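Number of protein chains: 2
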Amino acid sequence: MSKNKLVVIGGNAAGMSAASKLRRLKKNYEIVVFEKGRHTSYASCGMPYYIAGKINSHSSLIARSPETFREKYNIDVRTENQVESINIKRKLVIVNDLANNKTFEEKYDKLLIASGSSPVVPQINGINSGGIFTFEAFRSGKEISEFITNNKPRKAVVVGGGYIGIEMAETLLNLNIDVSVIDMAPQLMVSMDREIAEIVSMQMQKDGAKVYTDESLKGFDVTSDGNVSVVITDKQKISADIVILGMGRKPNTKFVGEAGIELGVKNAVRVNQKLETNITDIWAAGDCAESYNLLTNSQNYIALGTVANKQGLVAGLNIAGQSEYIKGVLGTAITKFNNLEIARTGLSEKEAKSAGFEFVTAQIESTVVASYYDKKKMTVKLVAEKNTGRLLGAQIVGSLGAAKRIDVVATSIFSKLTAKDLMLMDLSYAPPFSPVWDPLQIAARKLV
Amino acid sequence: MSKNKLVVIGGNAAGMSAASKLRRLKKNYEIVVFEKGRHTSYASCGMPYYIAGKINSHSSLIARSPETFREKYNIDVRTENQVESINIKRKLVIVNDLANNKTFEEKYDKLLIASGSSPVVPQINGINSGGIFTFEAFRSGKEISEFITNNKPRKAVVVGGGYIGIEMAETLLNLNIDVSVIDMAPQLMVSMDREIAEIVSMQMQKDGAKVYTDESLKGFDVTSDGNVSVVITDKQKISADIVILGMGRKPNTKFVGEAGIELGVKNAVRVNQKLETNITDIWAAGDCAESYNLLTNSQNYIALGTVANKQGLVAGLNIAGQSEYIKGVLGTAITKFNNLEIARTGLSEKEAKSAGFEFVTAQIESTVVASYYDKKKMTVKLVAEKNTGRLLGAQIVGSLGAAKRIDVVATSIFSKLTAKDLMLMDLSYAPPFSPVWDPLQIAARKLV
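Chains as they are written, first to last, in our numbering: chain A, 1 to 448; chain B, 1 to 448.
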């Protein structure tokens, strides 16, 4: 009975998934979760839509509260408790009780590191001024929303043209704020190929955003009362009353590395497909941990809630004594900008190239549904291995109903299907849903 | 050079797909298509939506005209030419030129039978009265539409609660016609399990349709001017100014069997996965032919445009000398009733039982997208093999955006994935598109 205490560092997607799964399987475990913030299991992905006013209550973004975990699951969640270090020899963590500013030790038999990620914030002049925001924690959504209500900004700069950048550009435009998006790369959406990203960029500009690529953030001008007034890039100065940074995320793992636990890609905790670290009885999952890429057979760093939940589930199963593993991720992702849906999975053309594949590509435009039913359009790009025809990746942009098809390609890649398999597979058809050849199959035909 | 003439019987999805594919691969072939109707390649699936007024022009349902085939593809399409018999020894067909009422012989080197299907029409009293319609040919959509415009029917009976029945019930209700649906089975949508079909039935009734199951069509009362006035079932009489029959389809193969070509399930032409019949140099594809079911390893009869197109493509490749085959169908199908989307693939619970599988099922209700983003709901039922966990089937009903997910399960079944594979697969997530666990994965978790 002495080996029955799990300590979890981090009370969000991965940590709480693991804790809940363990509790369902093992009634006799003591489970303690240390969360540095005040909330558990909140949906950070929902924040742009909260700020946009699409979600009535900020608290509806919380899937389960600490009280729920305590009462319904017998999981001892201690919020505002930050783990500062791990002593792997003595099997304990040192915790800072932030509310009372007291440090204490907590022993564990098993430890799950689910300490999450933080936004990348460049250390440049003026970065700490008022009006400059990141998605740091649950309160960020509310802070941005309140800032907009109180300060009525008229000009926004979004730094970074990835998923958060695109979603916040949509949100701010729809709040009638002038939006400029800057990205240091030659294109938006670096996980997609340039000609596909260009379709997104064109739509954003059509809907009123200014898009500046190949342009780096250098600093800010700040008003006498401490608020941002200008964003300085290497090419220009852009007036701004509000700035959103969407410059990527980095794992919260400094204290993990210092404890002697191996870190890997981008300093994420090195884990195998069972979510085991290099130290016995220590697992890691979620935004702080690596992911195994099914196509490249290498470790990736992916900070997405869907991966975090699945890693947490598998970690929980393994902590409970099972032997479960994640076959791998494909970097499947989806978002939208107004009515333009955007999705990708597997390898883009440039990723296939850099991973050393010989490949072919096909790109098609099709109506989303039967052309006589509705004229709305979508674009599909497929990447497949040259000699075998095995599918390697897909990118989709298009109107309502287009993008969730990416899951069919993700499933196909997971199953090592070829373009010919996809072409002839028995997919669903009715005029309100697709053309008689689904656009994915039209693209597969072109590839074949 | 003597072996280079293809004759195609039937100028629709399967026949024209094959002919076009052959033309792309072989410039030197002579290709003759005999089509008994006046049109080629029309989208019969679009007819309910044409009648509903959602599609402006009837001709937009024609993908390609006979002239286009002749001019762009050098395919000699002869409309209003009905093949009456096949002489396999002399390698010729006997054709009736309907417009001129002349019969002639046409030799072939290779023959594709793509003679399609006809609606099942019970031979009962009054069946030929005015106001009783089936989807027989391209003109049917226009005829029904004109009848509604001219006669302004107020009460409709739809016989058969399958796909056509449901789509026509939607159409007629939205034209402010009172609708009763009758089905001889104990439920609508016999290809789905009863509790799922019940969700559809409830929605139909909520939206104003009357639904009568376990009730058989017996006859009609007819007015003095020859129009239907009452539908007589084994249980009641229902007033009706218009009747739509959606009682299934049967292959047009009488002349095929008479020629000595083997017929199979429901008298569809027996074909292997290469679409070859039992006679050398004769292929069959589309609604007149069998389909090979990937799960039961047996022949099925499926009359769907999407299957017809794929069979036609593969037949065309093989006629051109390749050796291509269709791995199998899953009976994937999708439709909608107003805002309720409906889809299925693989085996329902009752089909799994009758195919002799030991199986488990899971049924879940979930929001279609993140619950804080939109509350609209969907139901997923999964069927999996008992010991292996291999997925066997899925049924989905739900709000906008729900049903096209069926393709992910179709792909999973095609790939012999297990429920656990589906649960942990890297599917896409963003709040406007799905919960962080896609509803399919929630169902897969329940199954695991």
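The reader is advised that the hints may include incorrect statements.
Pairs involving identical chains hold if they fit within one copy or between any two copies, as the list cannot separate such chains.
[What the hints assert, rightly or not] No more than 27 Å apart at the CA atoms, straight line, and that leaves these computed lysine-lysine pairs for BS3-like:
#1 36 to 91
#2 142 to 446
#3 237 to 89
#4 376 to 54
#5 376 to 142
#6 26 to 266
#7 72 to 36
#8 446 to 254
#9 266 to 27
#10 327 to 386
#11 27 to 446
#12 235 to 327
#13 142 to 235
#14 376 to 155
#15 218 to 3
#16 237 to 386
#17 72 to 446
#18 386 to 350
The hints are simulated quantities; they were obtained by calculation from the structure and are not laboratory data. In this text, all values refer to a predicted model and were calculated from it rather than measured experimentally.
So, going through the hints one by one against the coordinates:
no.: 1; hint: 36 to 91; verdict: within (20 Å within a copy, 82 Å between copies)
no.: 2; hint: 142 to 446; verdict: neither (47 Å within a copy, 35 Å between copies)
no.: 3; hint: 237 to 89; verdict: neither (53 Å within a copy, 84 Å between copies)
no.: 4; hint: 376 to 54; verdict: both (24 Å within a copy, 14 Å between copies)
no.: 5; hint: 376 to 142; verdict: between (35 Å within a copy, 25 Å between copies)
no.: 6; hint: 26 to 266; verdict: neither (34 Å within a copy, 54 Å between copies)
no.: 7; hint: 72 to 36; verdict: within (22 Å within a copy, 69 Å between copies)
no.: 8; hint: 446 to 254; verdict: neither (48 Å within a copy, 37 Å between copies)
no.: 9; hint: 266 to 27; verdict: neither (37 Å within a copy, 56 Å between copies)
no.: 10; hint: 327 to 386; verdict: both (24 Å within a copy, 22 Å between copies)
no.: 11; hint: 27 to 446; verdict: between (55 Å within a copy, 20 Å between copies)
no.: 12; hint: 235 to 327; verdict: neither (44 Å within a copy, 57 Å between copies)
no.: 13; hint: 142 to 235; verdict: neither (32 Å within a copy, 62 Å between copies)
no.: 14; hint: 376 to 155; verdict: neither (32 Å within a copy, 35 Å between copies)
no.: 15; hint: 218 to 3; verdict: neither (52 Å within a copy, 73 Å between copies)
no.: 16; hint: 237 to 386; verdict: neither (46 Å within a copy, 64 Å between copies)
no.: 17; hint: 72 to 446; verdict: between (53 Å within a copy, 19 Å between copies)
no.: 18; hint: 386 to 350; verdict: within (15 Å within a copy, 42 Å between copies)
Of the numbered hints given earlier, the model fails hints 2, 3, 6, 8, 9, 12, 13, 14, 15 and 16; all others are met.
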